[in-house]
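Visitor: Quick one: dock chain against chain with the hints and give me the complex.
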Amino acid sequence: MSLVELHAIHKSFGELEVLKGIDLSIDEGQVIALIGKSGSGKSTLLRTINGLEVIDDGVIIVDGKKISDRDADLLGLRLQVGMVFQQFNLFPHYTALENVMLSPQVVKKQSKAEAKQIAEEMLAKVGLADKMMHYPDQLSGGQQQRVAIARALAMKPKVLLCDEVTSALDPELVNEVLAVVRQLAEEGMTLVMVTHEMRFAREVCDKLVFMHQGRIHETGDPETVFANPKTPELASFVGGLA
Amino acid sequence: MAYKFDFGAIVPHWQLLFDGVILTTELTVIGAVVGVGLGIMGAWARASRAPVISQIVGVYVELIRNTPFLVQLFFIFFGLPALGVKLTEFQAAVLAMIVNLGAYSTEIIRAGILAIPQGQIEAAQSLAMNRVQIFRYVVILPALKKIWPALSSQIVIVMLGSSVCSQIAAEELTFGANYIQALNFRAFEVYFVVTGLYLVMSILLRMGLKVLGNFLFERRRHV
Chain A
1 MSLVELHAIH
11 KSFGELEVLK
21 GIDLSIDEGQ
31 VIALIGKSGS
41 GKSTLLRTIN
51 GLEVIDDGVI
61 IVDGKKISDR
71 DADLLGLRLQ
81 VGMVFQQFNL
91 FPHYTALENV
101 MLSPQVVKKQ
111 SKAEAKQIAE
121 EMLAKVGLAD
131 KMMHYPDQLS
141 GGQQQRVAIA
151 RALAMKPKVL
161 LCDEVTSALD
171 PELVNEVLAV
181 VRQLAEEGMT
191 LVMVTHEMRF
201 AREVCDKLVF
211 MHQGRIHETG
221 DPETVFANPK
231 TPELASFVGG
241 LA
Chain B
1 MAYKFDFGAI
11 VPHWQLLFDG
21 VILTTELTVI
31 GAVVGVGLGI
41 MGAWARASRA
51 PVISQIVGVY
61 VELIRNTPFL
71 VQLFFIFFGL
81 PALGVKLTEF
91 QAAVLAMIVN
101 LGAYSTEIIR
111 AGILAIPQGQ
121 IEAAQSLAMN
131 RVQIFRYVVI
141 LPALKKIWPA
151 LSSQIVIVML
161 GSSVCSQIAA
171 EELTFGANYI
181 QALNFRAFEV
191 YFVVTGLYLV
201 MSILLRMGLK
211 VLGNFLFERR
221 RHV
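So the protein sequences, as listed, match chains A and B. The numbering of the first sequence is our numbering, which starts it at 1 and goes up by one. The numbering of the second sequence is our numbering, which starts it at 1 and goes up by one.
Same shape as in the complex, but just chain B (with noise of 0.2 Å):
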């Protein structure tokens, strides 16, 4: 073995990792607030009985989960500009996490909302309620709370996807990584210590959910 470790050649440029943890970070808490935002409504129009809407969502979800994420950042970054939209790396990077996890959400929640009892939405129409308070007070914490875990998990499969915004010079943990080795040709030691960190962050990211979910869903103690 000729190769000789050198973690501390890293050491120097501290302050790029840190930086893109910073980054990841707020591309993914941007991009899960809104993209769960997002699915949310489209998971409503989807349940909903307004046709055209609901088609006009159903094409948008299948043409995001059947297409590679870093074409959708591709053509946001670098087509949009032919239609007069010119964003920043960071934007581009953003649009492109809430637009993807929009699509997959809508149907994690929908599945939530469509396994709600009948009987429940009943009661509610029932007691008078419109449509948005049945769906507001009645229909989305439950629905939320059967598919906390599988949203979850997408929204770390998004943190973890957004290494590839590198791509387009957004400059996240995986940009600083590349930047790094490109620096010191220390391959081996920089991705070495850029999983761990994403290890790390996926470990705190399902965490924060878990105790988010247990703030959303559990009961207040009355008993």
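With the rest of the complex left out, here is chain A (with noise of 0.2 Å):
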């Protein structure tokens, strides 16, 4: 059984139907990227998996529980299911380490001891144990986009969910944030993102997800979906790109 299957999703903005029905299953394990023009429906995709977006019509099961679109439900989810933005959302009140406390302690309810010594092991994994106690304002887009992942696993999740995590940083601290992320993805994380970085998925990814007006267009593992697209509107994606 997979970690999470999406089965027949369906989400409108509106009249806009922006997911025209998604099948997809994420192994345990596994690292999946999420490609395709902008306005195909993989960020919101994306948003689904941890009920950021709610659902119009279709089911999510994670870990076997199925997901509806209450309250409950959706803390429980999103305990198994963190998230990394492409801006960072780091809380600009609070410190490097306070930001990863912050939900062990608040939701979680571990001890201020617990909670900080997880975040400190969690900085220090992201190579930012000397920063801890700045603010997201005194930190570079790259450091604080490694806090909010630290901050996202300090929380354990099961999945982690990456929406265009390099796309709001300079290209010279793009580097250091998918280092993060390839790392990551060799500790045997389960990981989707969202992703411009081409050679990056096809490095790091066990399964492309090619996403076309609201649909799965093509999936498969990177190598053959970039040697050998199947559709001409991947061929063309993948070409355009080269």
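FYI, nobody ran anything at the bench for these hints, they're computed from the structure. Treat the hints with care, since some could be wrong.
Claimed, not checked - Which chain A residues stay away from chain B? Per the calculated CB distances, all over 12 Å, these: (1) Leu-24; (2) Ser-25; (3) Asp-71; (4) Ala-113; (5) Leu-178; (6) Ala-179; (7) Glu-186; (8) Thr-224; (9) Pro-229; (10) Thr-231.
Said to hold, decoys possible - Pairs of lysine to any residue, SDA-like flavour, derived with a Cα cap of 20 Å: (11) A:Lys-112 to B:Ile-134; (12) A:Lys-20 to A:Met-1; (13) A:Lys-109 to B:Lys-146; (14) A:Lys-112 to B:Gln-133; (15) B:Lys-145 to A:Lys-112; (16) A:Lys-108 to B:Gln-133; (17) B:Lys-145 to A:Pro-136; (18) A:Lys-207 to A:Glu-223; (19) A:Lys-125 to A:Ala-113; (20) A:Lys-66 to A:Gln-80; (21) A:Lys-156 to B:Asn-130; (22) B:Lys-146 to A:Arg-47; (23) A:Lys-116 to A:Tyr-135; (24) B:Lys-146 to A:Tyr-94; (25) A:Lys-156 to A:Ser-2; (26) A:Lys-37 to A:Gln-213; (27) A:Lys-207 to A:Val-238; (28) A:Lys-108 to B:Arg-136; (29) B:Lys-210 to B:Thr-25; (30) B:Lys-146 to A:His-93; (31) A:Lys-66 to A:Arg-47; (32) A:Lys-158 to A:Asp-206; (33) A:Lys-207 to A:Glu-53; (34) A:Lys-125 to A:Leu-178; (35) A:Lys-207 to A:Glu-186; (36) A:Lys-108 to B:Asn-130; (37) B:Lys-145 to A:Pro-92; (38) A:Lys-109 to B:Thr-25; (39) A:Lys-158 to B:Lys-146; (40) A:Lys-108 to B:Thr-25.
Every residue, glycine too, gets a C-beta built ideally from N, C-alpha and C.
Guide: Right under this line is the structure:
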């Protein structure tokens, strides 16, 4: 059984149908990249996986449990599925350490000492042991994004969603963030990422999902998908990047 | 100029002015603390997605913001006894100030809440925080920080507005002034001194609110 299963997911914003029946399963330890043009629905799909977008129709099953849109279910879902955003979204009034400690303390009711220990561990893991007492606006974009990753990891999620985590970064800061993501992938973390970093996706991912006009248009392992795109849309997408 | 100034005529009545300052301060402190608390709850209700509560609070805010404070005060003190709610002068004055500041601060704080980027809230949601936790830990402090100057001004306005509470014989500072000048007919001297007292109290209040703001929002020196 897969860790996350999506069946026939539909989602509209007003008249615009953004997801037109998505089926996707995510296995434990799998690293999946969602690719496609902007407007293809890949970010929306990612956001449905932790309930930031409520689906209109379809079924989401996480760890064998069907998720409804009730608050209790959503909170339970989000305990298992962490997320990192394009814009980092650190809380500006807390230090890096406090950002990471907050949710374990407040949501998981960990003691301050316990939360601090985990937070220090996670910040060290992303290479920021020396920046723990800095506030977000005292950190570079790449450092902020690594804090955001540490913050998500401190909740010990089973799946981590990454929504274009390098798109808001200056080019020279992209690699430090990708290195962290790569390390997580190597450690066996289950990852689903929306990305425009095709070379990175090719190297790190087990599975590529190409989205086009609200549907999964083509999927497969990265080497095959890049080398032999079966559909003209993917060929043109991949070709356009080269 | 026939008029001879005699500020000494106030001296025998200093106790009245002193008591007035104390009562005005009490009214302001209670009014500000409870009123801002009411404003925080009101703002949360206005910003929440519960349409009925949001509309009820909206009616309250518009009702208060579009009627004179003096009339609100009279309604509470002279009107409510008809419903069996009989309040002392002090209780009526403090209630009027709470209700008044609650409405204005609801709108001010709501503006601060709306200025919090949606991404902050989504990040908190993705960390499995519930609505109350998100409001308490992620939203309210940065929101208050954004609107603290506006809120401080409103609190000062309410403090100055408390002068009309003399009209229901709440023995605050203006009441004391009216009383003294009725005794000695030294209107110029009395109101000159009282104006000065209000000015000093306003300045102290503003300074106090600034210090409080620094305490609440300034970064603890970690780095």
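Visitor: All the hints need checking, so say for each whether the structure fits it.
Guide: Checked hints:
1. Residue-level check passed: Leu-24 (chain A) sits 19 Å from the nearest beta carbon of chain B, beyond 12 Å.
2. Chain B leaves Ser-25 (chain A) outside its interface by the beta-carbon criterion, the shortest separation being 21 Å against a cut-off of 12 Å.
3. Against chain B, the non-interface label of Asp-71 (chain A) is violated: not every CB pair exceeds 12 Å, the least being about 7 Å.
4. No Cβ of chain B comes within 12 Å of the Cβ of Ala-113 (chain A); the nearest lies about 18 Å off, and the non-interface call holds.
5. Interface exclusion of Leu-178 (chain A) from chain B stands, the closest Cβ pair being 21 Å apart, more than 12 Å.
6. Against the 12 Å criterion, Ala-179 (chain A) stays outside the reach of chain B, whose nearest CB is about 22 Å from its own CB.
7. The beta carbon of Glu-186 (chain A) sits about 24 Å from the closest Cβ of chain B, which is more than 12 Å, so the claim that it is off the interface holds.
8. Distance check for Thr-224 (chain A) against chain B: the nearest CB is about 32 Å away, which clears 12 Å, and the non-interface claim stands.
9. The Cβ of Pro-229 (chain A) lies farther than 12 Å from every Cβ of chain B, with a closest approach of about 33 Å, so its non-interface assignment holds.
10. Residue-level check passed: Thr-231 (chain A) sits 33 Å from the nearest beta carbon of chain B, beyond 12 Å.
11. For the suggested pair Lys-112 (chain A) and Ile-134 (chain B), the alpha carbons sit about 19 Å apart, so the restraint of at most 20 Å is met.
12. Taking the CA atoms of Lys-20 (chain A) and Met-1 (chain A), the gap is near 24 Å; set against the 20 Å cutoff, the hint is violated.
13. Taking the CA atoms of Lys-109 (chain A) and Lys-146 (chain B), the gap is about 29 Å. The hint is violated against a cut of 20 Å.
14. Proposed proximity of Lys-112 (chain A) and Gln-133 (chain B) is supported: the alpha carbons are some 17 Å apart, at most 20 Å.
15. Note on Lys-145 (chain B) and Lys-112 (chain A): the hinted pairing is violated, with a Cα-Cα distance of about 26 Å set against a maximum of 20 Å.
16. Between Lys-108 (chain A) and Gln-133 (chain B) the CA atoms are separated by roughly 12 Å; this keeps the pair inside 20 Å, and the hint holds.
17. In summary, the hint linking Lys-145 (chain B) to Pro-136 (chain A) is supported, as the alpha carbons are separated by about 16 Å, within the 20 Å threshold.
18. Restraint check: the Cα-Cα separation between Lys-207 (chain A) and Glu-223 (chain A) comes to about 9 Å, which is no more than 20 Å; the hinted pair holds.
19. Restraint check for Lys-125 (chain A) and Ala-113 (chain A): satisfied, since their Cα atoms lie roughly 18 Å apart, inside the 20 Å limit.
20. Between Lys-66 (chain A) and Gln-80 (chain A), the direct Cα distance comes to roughly 13 Å. Compliance with the 20 Å bound is thereby established for this hinted pair.
21. This hinted pair checks out: Lys-156 (chain A) and Asn-130 (chain B) have alpha carbons roughly 18 Å apart, not beyond 20 Å.
22. Restraint check for Lys-146 (chain B) and Arg-47 (chain A): the C-alpha separation of about 29 Å exceeds 20 Å, so the hint is violated.
23. Restraint check for Lys-116 (chain A) and Tyr-135 (chain A): the C-alpha separation of about 16 Å stays at or below 20 Å, so the hint holds.
24. For the suggested pair Lys-146 (chain B) and Tyr-94 (chain A), the alpha carbons sit about 16 Å apart, so the restraint of at most 20 Å is met.
25. Our distance criterion of 20 Å between C-alpha atoms is met by Lys-156 (chain A) and Ser-2 (chain A), whose separation comes to about 18 Å.
26. Note on Lys-37 (chain A) and Gln-213 (chain A): the hinted pairing holds, with a Cα-Cα distance of about 9 Å set against a maximum of 20 Å.
27. Taking the CA atoms of Lys-207 (chain A) and Val-238 (chain A), the gap is near 15 Å; set against the 20 Å cutoff, the hint holds.
28. Simply put, Lys-108 (chain A) and Arg-136 (chain B) have alpha-carbon atoms about 16 Å apart, close enough for the 20 Å limit, and the pair holds.
29. With a C-alpha separation of about 17 Å, the suggested pairing of Lys-210 (chain B) with Thr-25 (chain B) holds against the 20 Å cut-off.
30. About 12 Å separates the Cα atoms of Lys-146 (chain B) and His-93 (chain A), which keeps this hinted pair within 20 Å; it holds.
31. Simply put, Lys-66 (chain A) and Arg-47 (chain A) have alpha-carbon atoms about 17 Å apart, close enough for the 20 Å limit, and the pair holds.
32. Pair hint Lys-158 (chain A) plus Asp-206 (chain A) holds up; C-alpha atoms about 17 Å apart against a cutoff of 20 Å.
33. For the hint pairing Lys-207 (chain A) with Glu-53 (chain A), the CA-to-CA distance comes to about 23 Å; that exceeds 20 Å, so the pair is violated.
34. Restraint check for Lys-125 (chain A) and Leu-178 (chain A): the C-alpha separation of about 14 Å stays at or below 20 Å, so the hint holds.
35. The straight-line distance between the Cα atoms of Lys-207 (chain A) and Glu-186 (chain A) is roughly 15 Å, inside the 20 Å bound, and the hint therefore holds.
36. Of the pairs offered as hints, the one joining Lys-108 (chain A) and Asn-130 (chain B) holds, with about 12 Å between alpha carbons and a cut-off of 20 Å not exceeded.
37. Distance check on the hinted pair: Lys-145 (chain B) and Pro-92 (chain A) sit about 11 Å apart at the alpha-carbon level, within 20 Å; holds.
38. Restraint check for Lys-109 (chain A) and Thr-25 (chain B): not satisfied, since their Cα atoms lie roughly 41 Å apart, outside the 20 Å limit.
39. Distance check on the hinted pair: Lys-158 (chain A) and Lys-146 (chain B) sit about 37 Å apart at the alpha-carbon level, beyond 20 Å; violated.
40. Between the alpha carbons of Lys-108 (chain A) and Thr-25 (chain B) the distance comes to roughly 43 Å, so the proposed pair goes past 20 Å and is violated.
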